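S.K.: Okay, here's what each chain looks like letter by letter:
Protein chains: 2
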Amino acid sequence: MVALGGIGEIGRNMTVYELDGKLLIVDCGVLFPEDAQPGVDLILPDLRLVEDRVDDIEAIVVTHGHEDHIGALPWLLRSRRDIPVIGAQFSLALIAAKAKEHRITPNLRVVKERDRTRVGKFELEFFAVNHSIPDALAVGIRTEAGTVLHTGDIKLDQLPLDGRLTDLGGFARFGDEGVDLFCVDSTNAEVPGFVASEREIGPVLDSYIRSAPQRVIVASFASHVHRVQQMLDAAQRYGRKVAFVGRSMVRNMQIAQELGLLQVPDGLIRSLDKVLELPPEQVLLISTGSQGEPLSALSRMSRGEHRSVNLQEGDTVILASSMIPGNETSVFTVINELARVGVNVVHQGVAKVHVSGHASAGELLYLYNAVRPRNVVPVHGEWRHLRANAKLAAATGVSESQVLLAPNGTVVDLTNHRAKIVGHVDVGMVYVDGNAVGDIGENTLSDRLILGEGGFISITVAIDRQTGRAMGTPTLSGRGFSDDPKALDDVLPLVEAELARTEADGITDPHRVAQAVRRVVGRWVSDKYRRRPMIVPTVIDV
Amino acid sequence: MVALGGIGEIGRNMTVYELDGKLLIVDCGVLFPEDAQPGVDLILPDLRLVEDRVDDIEAIVVTHGHEDHIGALPWLLRSRRDIPVIGAQFSLALIAAKAKEHRITPNLRVVKERDRTRVGKFELEFFAVNHSIPDALAVGIRTEAGTVLHTGDIKLDQLPLDGRLTDLGGFARFGDEGVDLFCVDSTNAEVPGFVASEREIGPVLDSYIRSAPQRVIVASFASHVHRVQQMLDAAQRYGRKVAFVGRSMVRNMQIAQELGLLQVPDGLIRSLDKVLELPPEQVLLISTGSQGEPLSALSRMSRGEHRSVNLQEGDTVILASSMIPGNETSVFTVINELARVGVNVVHQGVAKVHVSGHASAGELLYLYNAVRPRNVVPVHGEWRHLRANAKLAAATGVSESQVLLAPNGTVVDLTNHRAKIVGHVDVGMVYVDGNAVGDIGENTLSDRLILGEGGFISITVAIDRQTGRAMGTPTLSGRGFSDDPKALDDVLPLVEAELARTEADGITDPHRVAQAVRRVVGRWVSDKYRRRPMIVPTVIDV
Numbered sequence: 015m016v017a018l019g020g021i022g023e024i025g026r027n028m029t030v031y032e033l034d035g036k037l038l039i040v041d042c043g044v045l046f047p048e049d050a051q052p053g054v055d056l057i058l059p060d061l062r063l064v065e066d067r068v069d070d071i072e073a074i075v076v077t078h079g080h081e082d083h084i085g086a087l088p089w090l091l092r093s094r095r096d097i098p099v100i101g102a103q104f105s106l107a108l109i110a111a112k113a114k115e116h117r118i119t120p121n122l123r124v125v126k127e128r129d130r131t132r133v134g135k136f137e138l139e140f141f142a143v144n145h146s147i148p149d150a151l152a153v154g155i156r157t158e159a160g161t162v163l164h165t166g167d168i169k170l171d172q173l174p175l176d177g178r179l180t181d182l183g184g185f186a187r188f189g190d191e192g193v194d195l196f197c198v199d200s201t202n203a204e205v206p207g208f209v210a211s212e213r214e215i216g217p218v219l220d221s222y223i224r225s226a227p228q229r230v231i232v233a234s235f236a237s238h239v240h241r242v243q244q245m246l247d248a249a250q251r252y253g254r255k256v257a258f259v260g261r262s263m264v265r266n267m268q269i270a271q272e273l274g275l276l277q278v279p280d281g282l283i284r285s286l287d288k289v290l291e292l293p294p295e296q297v298l299l300i301s302t303g304s305q306g307e308p309l310s311a312l313s314r315m316s317r318g319e320h321r322s323v324n325l326q327e328g329d330t331v332i333l334a335s336s337m338i339p340g341n342e343t344s345v346f347t348v349i350n351e352l353a354r355v356g357v358n359v360v361h362q363g364v365a366k367v368h369v370s371g372h373a374s375a376g377e378l379l380y381l382y383n384a385v386r387p388r389n390v391v392p393v394h395g396e397w398r399h400l401r402a403n404a405k406l407a408a409a410t411g412v413s414e415s416q417v418l419l420a421p422n423g424t425v426v427d428l429t430n431h432r433a434k435i436v437g438h439v440d441v442g443m444v445y446v447d448g449n450a451v452g453d454i455g456e457n458t459l460s461d462r463l464i465l466g467e468g469g470f471i472s473i474t475v476a477i478d479r480q481t482g483r484a485m486g487t488p489t490l491s492g493r494g495f496s497d498d499p500k501a502l503d504d505v506l507p508l509v510e511a512e513l514a515r516t517e518a519d520g521i522t523d524p525h526r527v528a529q530a531v532r533r534v535v536g537r538w539v540s541d542k543y544r545r546r547p548m549i550v551p552t553v554i555d556v
Numbered sequence: 015m016v017a018l019g020g021i022g023e024i025g026r027n028m029t030v031y032e033l034d035g036k037l038l039i040v041d042c043g044v045l046f047p048e049d050a051q052p053g054v055d056l057i058l059p060d061l062r063l064v065e066d067r068v069d070d071i072e073a074i075v076v077t078h079g080h081e082d083h084i085g086a087l088p089w090l091l092r093s094r095r096d097i098p099v100i101g102a103q104f105s106l107a108l109i110a111a112k113a114k115e116h117r118i119t120p121n122l123r124v125v126k127e128r129d130r131t132r133v134g135k136f137e138l139e140f141f142a143v144n145h146s147i148p149d150a151l152a153v154g155i156r157t158e159a160g161t162v163l164h165t166g167d168i169k170l171d172q173l174p175l176d177g178r179l180t181d182l183g184g185f186a187r188f189g190d191e192g193v194d195l196f197c198v199d200s201t202n203a204e205v206p207g208f209v210a211s212e213r214e215i216g217p218v219l220d221s222y223i224r225s226a227p228q229r230v231i232v233a234s235f236a237s238h239v240h241r242v243q244q245m246l247d248a249a250q251r252y253g254r255k256v257a258f259v260g261r262s263m264v265r266n267m268q269i270a271q272e273l274g275l276l277q278v279p280d281g282l283i284r285s286l287d288k289v290l291e292l293p294p295e296q297v298l299l300i301s302t303g304s305q306g307e308p309l310s311a312l313s314r315m316s317r318g319e320h321r322s323v324n325l326q327e328g329d330t331v332i333l334a335s336s337m338i339p340g341n342e343t344s345v346f347t348v349i350n351e352l353a354r355v356g357v358n359v360v361h362q363g364v365a366k367v368h369v370s371g372h373a374s375a376g377e378l379l380y381l382y383n384a385v386r387p388r389n390v391v392p393v394h395g396e397w398r399h400l401r402a403n404a405k406l407a408a409a410t411g412v413s414e415s416q417v418l419l420a421p422n423g424t425v426v427d428l429t430n431h432r433a434k435i436v437g438h439v440d441v442g443m444v445y446v447d448g449n450a451v452g453d454i455g456e457n458t459l460s461d462r463l464i465l466g467e468g469g470f471i472s473i474t475v476a477i478d479r480q481t482g483r484a485m486g487t488p489t490l491s492g493r494g495f496s497d498d499p500k501a502l503d504d505v506l507p508l509v510e511a512e513l514a515r516t517e518a519d520g521i522t523d524p525h526r527v528a529q530a531v532r533r534v535v536g537r538w539v540s541d542k543y544r545r546r547p548m549i550v551p552t553v554i555d556v
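Protein chains in written order, with my numbering: chain W, 15 to 556; chain Z, 15 to 556.
What the hints contain is simulated information worked out from the structure, not anything from laboratory work. Incorrect hints may appear among the rest.
Copies of the same chain are indistinguishable here, so a pair counts whether it falls within one copy or spans any two.
Unchecked claim - Heads up, simulated SDA-like pairs for lysine to any residue below, C-alpha to C-alpha not over 25 Å straight-line:
#, residue 1, residue 2
1, K542, G448
2, K434, S413
3, K366, E342
4, K366, Q296
5, K366, P339
6, K366, S336
7, K434, Q416
8, K112, I269
9, K500, S460
10, K434, E327
11, K366, G340
12, K542, L463
13, K542, N457
14, K366, I338
15, K36, E158
16, K405, P227
Note that the structure is predicted; figures quoted are calculated from it, not measured.
Let the sequences and hints guide you as you build the complete structure.
M.R.: Set out below in structure tokens:
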């Protein structure tokens with residue numbers, strides 16, 4: 015196996031299993047960029063390895079429908095559209111909707127828990143798994159070379175709302191056969207204990223919705239069907255009508271309703287315009303934007319810029335969601351904007367309106383003890399999570415040498431029931447910016463970081479190509495450097511003096527003149543301002 | 015009163031009280047920038063109001079020595095160096111050290127709890143306050159116009175390590191006189207309950223330090239003397255020697271030791287070089303960098319770039335600190351780098367190695383009930399904190415109309431024991447970048463945001479000033495736009511065609527030619543890439 019994404023990071027999960035030259039892929043997700051990747055929209059797994067061997071791919075198994083597991087599929091399917099995509103009904107419905115936006119019709123094969131199927135030499139068995147989205151599956155893979163169990167994202171809610179438990183018994187039975195390689199979700203391995211049941215959120219939402227004097231807006235992840243179900247139930251109890259707000263929320267809940275995953279009483283859900291005609295105490299909006307995304311419905315409401323929802327003092331906004339690390343500032347910006355208007359804001363920090371979708375340490379121990387694997391590769395986590403997960407595996411008796419930390423690109427081989435790191439393939443970050451993929455690399459990002467911190471100063475000079483003499487006055491301008499229109503006045507004489515020098519030295523090569531100018535301006539700005547803008551000299555010879 | 019900073023934000027706390035044309039200032043701190051303020055080093059309160067009336071300032075009272083309360087003092091003192099700065103011994107020692115770096119000798123007046131003093135018509139009384147730094151004070155202000163109690167940063171640890179309790183009895187006595195205006199720390203007003211005692215951190219640190227097999231590095235805020243004391247105590251118990259790492263940590267702990275606030279057994283603290291000569295199990299380093307600051311000692315250690323500390327697998331790093339909102343990504347970057355090497359990392363998320371320095375809701379209720387104020391202005395908080403604090407005040411019986419949300423610049427007047435918002439003064443963000451103050455404004459920041467997201471494309475053209483004819487080929491270059499060297503090739507013919515058109519139209523004004531070029535390139539990049547780099551045309555006429 016080799017992971018092309020997801021190990022050493024949270025996101026773009028993608029694992030490739032190989033047997034006799036044939037490939038089975040589990041998940042194909044995207045990663046969302048951090049501050050160090052400015053202007054990037056999405057990060058894809060490095061698909062080169064599989065694109066080069068696209069005809070060897072037997073199938074792609076998707077464990078569930080979250081973006082970090084399915085988001086990169088359209089890019090992979092561009093290189094071969096008919097790769098079978100195997101997954102549960104809800105996951106595939108979300109993939110179909112996404113593929114449609116990319117004008118792709120994927121080759122989908124629905125499976126469900128307990129199903130067994132074969133693709134090439136890979137025998138697959140699927141296990142029900144509890145997560146923060148319906149219909150999640152773990153996949154067991156039997157091959158001549160050994161047996162693999164890949165959990166996907168998993169937790170062990172013992173009282174799940176839909177009664178669909180993680181199939182611990184199935185894992186134990188699979189374990190009885192001997193699991194050679196166990197790939198386990200690491201996200202919450204650092205967190206002691208157990209995740210509370212999703213069921214505990216219901217009464218909290220209920221009490222806020224019951225007592226709210228005016229409109230209630232709940233923001234949540236757009237695929238969290240069970241969370242939304244609990245909102246609908248409370249709305250029904252207290253005579254509120256519901257509208258979904260935000261494209262992905264509307265789309266996903268329609269799919270969930272069609273598949274019978276979301277139970278909607280007749281007449282409860284209406285269009286946004288219809289709901290907004292009701293008295294405030296009869297309104298519940300369920301919205302996207304729980305991560306403070308600046309263009310989301312909730313953000314626009316908080317700034318008073320939403321097309322139809324105009325929040326008032328005394329309205330209630332509930333953020334029934336976690337804060338994904340890196341999003342805290344945006345989320346708090348939204349909360350503060352709402353608080354400024356006098357909206358009552360309820361969030362994870364002050365009330366139990368969210369539980370995680372990933373197993374805490376206590377649950378992971380149950381998994382290890384059920385499966386009793388010979389070898390473990392912690393997946394789905396940053397280094398801190400992988401290390402914590404590895405410790406848990408060892409604590410349950412897996413030999414420490416058989417817990418492999420195998421970051422993206424590390425090739426793990428399974429021979430005679432023993433996993434071993436045997437090599438490494440190059441995997442990079444593949445950035446999507448606008449509609450181009452892959453042309454943004456470290457140079458561009460590092461330039462963006464410099465420009466974003468300090469702006470630039472440009473100096474444009476025309477020189478005579480025979481003599482090197484400057485023609486006219488150099489043009490100096492700064493962007494992102496200073497609001498002071500005179501900020502660059504002092505440096506012009508220095509540039510002119512330098513140009514006189516290069517001319518006197520007989521330098522006519524525009525490149526060398528540009529270097530000289532850059533040096534003078536760079537030194538000046540560092541001495542005078544202690545700043546480091548990018549210095550951009552352009553010397554043209556005419 | 016008017017706050018020039020600290021209300022509607024966490025940082026740059028500064029409140030101005032005025033009586034008969036004379037000013038009393040409480041605190042003068044800095045704010046640390048967010049993502050929306052790229053390249054900014056610090057944000058100062060808008061000092062114009064007080065700088066214009068610098069001779070009216072009777073004194074500056076500092077409640078404690080944190081940067082968000084004292085950091086902007088050097089800038090204020092530049093406009094009048096002899097303003098009396100009144101505060102407790104440790105606070106003033108930190109100010110003296112800071113002022114020295116700015117080559118200023120401030121006019122310091124040491125006070126302590128229970129002291130009373132008069133500056134002009136302001137009668138001051140100081141109260142002991144418990145916070146995450148020693149020697150914090152609240153200040154009571156008696157004037158003809160009314161009585162004010164300003165808490166500064168405060169919590170109510172009932173078992174403080176130094177036995178110095180928040181003087182709730184003093185507050186109650188002051189309350190008996192009738193407090194007209196109560197300005198209260200809002201930071202943790204959203205958080206239910208009570209902050210655990212600092213004392214509870216000790217045993218946790220102790221157990222990690224006792225059982226660590228190799229070196230231990232604890233990172234903490236550089237002014238948190240009591241936290242450091244608990245580390246020293248554990249080091250002493252388990253035979254480890256201690257070195258301080260990081261300039262501010264070394265400096266502050268030396269001051270604390272000199273003032274008798276930090277108790278250091280003989281021979282416990284050594285130089286870093288000496289400590290590193292010891293066997294790993296005898297080493298404890300106490301370091302800065304708990305917020306993941308890229309240049310801090312801890313960050314450099316995590317990247318293997320520290321001058322003398324080379325961390326090994328099996329070493330232990332404890333982050334005995336909170337994560338200040340906005341810093342999560344940097345902190346987790348450090349943690350992941352450490353985990354990658356195999357360092358055991360302990361942080362707030364997994365163990366009780368930090369408690370907050372600010373009163374939670376439960377403690378704030380004690381304060382309101384002790385003081386029984388007539389009017390309340392919640393300070394030190396973002397909107398969400400201010401709203402939560404206002405609710406607490408109202409819950410204890412303060413009339414809702416007498417709880418004033420008065421963001422920076424709002425003028426609150428006190429007449430006949432009634433506080434009222436009577437006006438507003440303009441206050442802006444004053445950015446420090448490098449060694450210049452105030453020349454960075456919204457234009458520069460918005461340019462930096464655009465450049466940081468998309469880079470720029472520059473087009474340089476020389477035209478004949480008589481005919482408008484382009485001389486030679488336009489120079490096109492992008493920075494922060496693409497790594498692909500051919501990325502801009504397609505647009506050159508479009509630019510040349512446009513230049514032919516402007517020439518044909520008889521356009522010789524470089525500015526108009528530049529506009530035409532900008533339009534063509536902007537449209538091309540949006541169509542082809544769906545990106546929005548800055549377009550920077552430079553047209554020179556020769």
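S.K.: Please sort K366 with P339 into within, between, both or neither, judging by C-alpha distance up to 25 Å.
M.R.: This pair counts as both: shortest intra-copy Cα distance 18 Å, inter-copy 20 Å.
S.K.: At most 25 Å between CA atoms: does that hold for K366 and I338 within a copy, between copies, both, or neither?
M.R.: Both: 16 Å inside a copy, 22 Å across copies.
S.K.: Between the shortest in-copy and the shortest cross-copy C-alpha distance, which are at most 25 Å for K366 and Q296: within, between, both, or neither?
M.R.: within (24 Å within a copy, 43 Å between copies)
S.K.: Between K542 and N457, at a C-alpha cutoff of 25 Å, which is it: within one copy, between copies, both, or neither?
M.R.: between (28 Å within a copy, 21 Å between copies)
S.K.: Given identical chains, is K434 near Q416, meaning Cα to Cα at most 25 Å, within a copy, between copies, both, or neither?
M.R.: within (8 Å within a copy, 70 Å between copies)
S.K.: Could you place K542 and G448 in one of the four classes (within, between, both, neither) given a Cα distance threshold of 25 Å?
M.R.: The answer is between: 9 Å across copies meets 25 Å, while 38 Å in one copy does not.
S.K.: Are the CA atoms of K366 and G340 at most 25 Å apart within a copy, between copies, both, or neither?
M.R.: Both: 21 Å inside a copy, 23 Å across copies.
S.K.: Treating 25 Å as the Cα threshold, decide for K36 and E158: within, between, both or neither.
M.R.: within (13 Å within a copy, 88 Å between copies)
S.K.: Could you place K500 and S460 in one of the four classes (within, between, both, neither) given a Cα distance threshold of 25 Å?
M.R.: between (28 Å within a copy, 19 Å between copies)
S.K.: Could you place K434 and E327 in one of the four classes (within, between, both, neither) given a Cα distance threshold of 25 Å?
M.R.: Between copies, since 21 Å is at most 25 Å while 61 Å is not.
S.K.: At 25 Å max between alpha carbons, let me know whether K366 reaches S336 within a copy, between copies, both or neither.
M.R.: both (11 Å within a copy, 21 Å between copies)
S.K.: Should K434 paired with S413 be assigned to within, between, both, or neither, using CA atoms and 25 Å as the limit?
M.R.: within (13 Å within a copy, 70 Å between copies)
Against the hints set out earlier in the document, no violation occurs for any number.
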